[in-house]
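Novice: Since chain Z is already given, all that's left is putting chain C on it; use the hints.
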Amino acid sequence: MRSDRTRLALVVVLAAILLLGPVAPRWTLFLLTVAIAKGFVALGLMLFLRCGLVSFGQALYYCVGAYAAGMLGRLYGMSDIFTLMLAGMCASALLAFVLGFLLARYRGIFFGLLSLALSMILYGLLVKTEALGSTDGFNVLPSTIFGWRPADEWVRYAVLASAALVAFLAALAVHRYLGTPLGRLAPALKDNEIRVEYMGASARQAIHVKYVIAGALAGIGGALAATTVGHIDPEMGYWTTSGEFIFITILAGTGNVLAPFLGALIFGIIQSVAFDVSPNTWQMVLGGALLVVIVFLPNGLWSLFARRKAA
Amino acid sequence: MEQLAAVLIDGIIYSAWLFVAAVGLTLIYGVMKIVNVTHGSFYALGAYAAASITGWALRSGMPEGLSYAVLLGAALLVALVVAPLIERGILRFMYAKDEVVILLITYALFLVLEDVIKLIWGVSPLFIAEPYGLLGSFDVLDLTYPYYNLILVGVAVVSGAGLAWLLGYTRTGKLLVAVIHDTEVSRAMGINVERMYLVTFTFGSLLAAIGGAFTAPTVSVVPGLGIEVIVLSFAVVVIGGLGSLPGAALGALIVGLVRSATVHYLPQAELFVIYFVMAMVLAFRPRGLFSLAEARKI
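Sequences listed follow chains Z and C, in order.
Sequential numbering from 733 applies to the first sequence in my numbering.
Sequential numbering from 22 applies to the second sequence in my numbering.
If we strip away everything but chain Z, and leave its shape as in the complex, we get (with noise of 0.2 Å):
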């Protein structure tokens, strides 16, 4: 029953982006399309905070995903979006599927401060990696769509339509990934991890495969950002960013797939209102919203819709 209300949303989401999206002003298509970006990484966020997790280190895969996509433009003048998010997927889900052996040990604080070195020694290399940019990082071509190179005014409605099926379908993946009895054992885990394995399941291999779902994630999220942007920097891998993601799926909670991609919504409103309006408060905005949620709405905004539909 619920569920199928969630696929509902989802389309009715996908359908008034691509039909609003021409006539929408310019700068929401980019705001939406970067929204969507972190909303990517902030879904995969949510699978480890439905069990329990805080990740500190998320922009690790959210970089890999970027550089792995300008990589491609810069040595083999690829620019279609698509594949450059399947390269970003790729390439974070084969780094996160390795260091999962490692992290899917972890729980609590030493999960997020292992996840913090981890995103730190990336972000150490690429600050002194000359050949990539150092500090400066380096500009993506333009992006393309299966060749296609759209008019100028066209573009930002192109990158932002073609992100939006991805979500659309990464979205319905974890949506029925969650119905899954792998997928439902996350609040398990979270509450009780021994009965879990009384039950004869293994978390290992439980969060194993959650931490590779968030790493290919990060890495399309990545990827749509690097050429939604069009630039890209090790500051993606910086720790700030990681806190960004967390902010985001933590102000969203873990209620439904499309929460993750509201909250990033929510978090790039917050972001370009509050620092227009007063550039030197807009991390007061930030934190004040965020203790807020986590006093008064543990579960994050969307309980406060899930709470309605349940009256």
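Incorrect hints may have been included.
Result set (DSS-like, lysine-lysine): computed pairs, CA atoms no more than 25 Å apart in a straight line [unchecked claim]: (1) C:K54 x C:K195; (2) C:K54 x C:K118; (3) Z:K922 x C:K118; (4) C:K54 x Z:K922.
Distance ranges between label pairs, derived from CB positions [said to hold, decoys possible]: (5) Z:N871 x C:D160: 42 to 50 Å; (6) C:Y116 x Z:S934: 29 to 37 Å; (7) C:G157 x Z:L807: 47 to 55 Å.
Hints listed in this document are in silico derivations from the structure and should not be mistaken for laboratory results.
Virtual Cβ for every residue (Gly too), placed ideally from N, Cα, C.
Specialist: Positioned in the frame of chain Z, the structure of chain C alone reads:
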């Protein structure tokens, strides 16, 4: 030979700085089980307060020799005002929450404090070079080092030894050790755990503020100062073992020497190597080099 001496001296100076910046973090974690991101904010607050107050005092004719006392006073001032405010005003309501959730709360507070600093001191950099140059410098082989660096080492030794003495030989310290081992039994035995938390948080934050205050003369004090310090401090205390005092010292020495060696011999690896060591320690000894195995609590 000269390069080796440089590696050692730079490493020790950097270690001293790291130790002062990070030791409060391990104290707070040991007692309160909080991974405290606001630690970086206190570092930045200390640096800003020291730079502005010392600068003001020097301009209004204070003898330069007193500037070291003013640096310390500035750190005391911010820590004694802001830390109790945060602990009493916000954190104490959160102790029942999960470790990870408290970590996120301190992260939120860190974001807020970043902008509080910008509101108070603005975004243009502050400089107070006077205390740095005042003492002159000494030569080792052909290398020249300002004496000020010895003050940093002194601050590190004093705060480390002072903390060890406090924990081992004073009544408050012994009570604290009891709280570290078992909060509930301590409470049952009549220890005022609430007050211990307040004292610990204030003292830990004070150490961060001192770290910031004594670094202020050596750098330009700019927004975002705490952002890099907090993640470095994490590396230091994680390597030694969260909550362990000798661990923090060892972690600071390892990170300091390793970094100074890479800066001299392989500058490309400077940042990479710190977090590589951190990841290796977490991978093979997740609770740090200086920790005992902890029973799994269900």
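Novice: Each hint: holds or not?
Specialist: Now for the hints, and whether the structure bears them out:
1. Taking the CA atoms of C:K54 and C:K195, the gap is near 18 Å; set against the 25 Å cutoff, the hint holds.
2. As the CA atoms of C:K54 and C:K118 are separated by approximately 11 Å, the hinted pair is consistent with the 25 Å bound.
3. About 14 Å separates the Cα atoms of Z:K922 and C:K118, which keeps this hinted pair within 25 Å; it holds.
4. At roughly 19 Å between alpha-carbon atoms, C:K54 and Z:K922 fall within 25 Å of each other, so this suggested pair holds.
5. Taking 42 to 50 Å as the suggested C-beta distance range, the pair Z:N871 and C:D160 conforms, at roughly 47 Å.
6. The supplied range of 29 to 37 Å is met by C:Y116 and Z:S934, whose beta-carbon atoms lie about 33 Å from each other.
7. For the pair C:G157 and Z:L807, the beta carbons lie near 54 Å from each other, so the given range of 47 to 55 Å is met.
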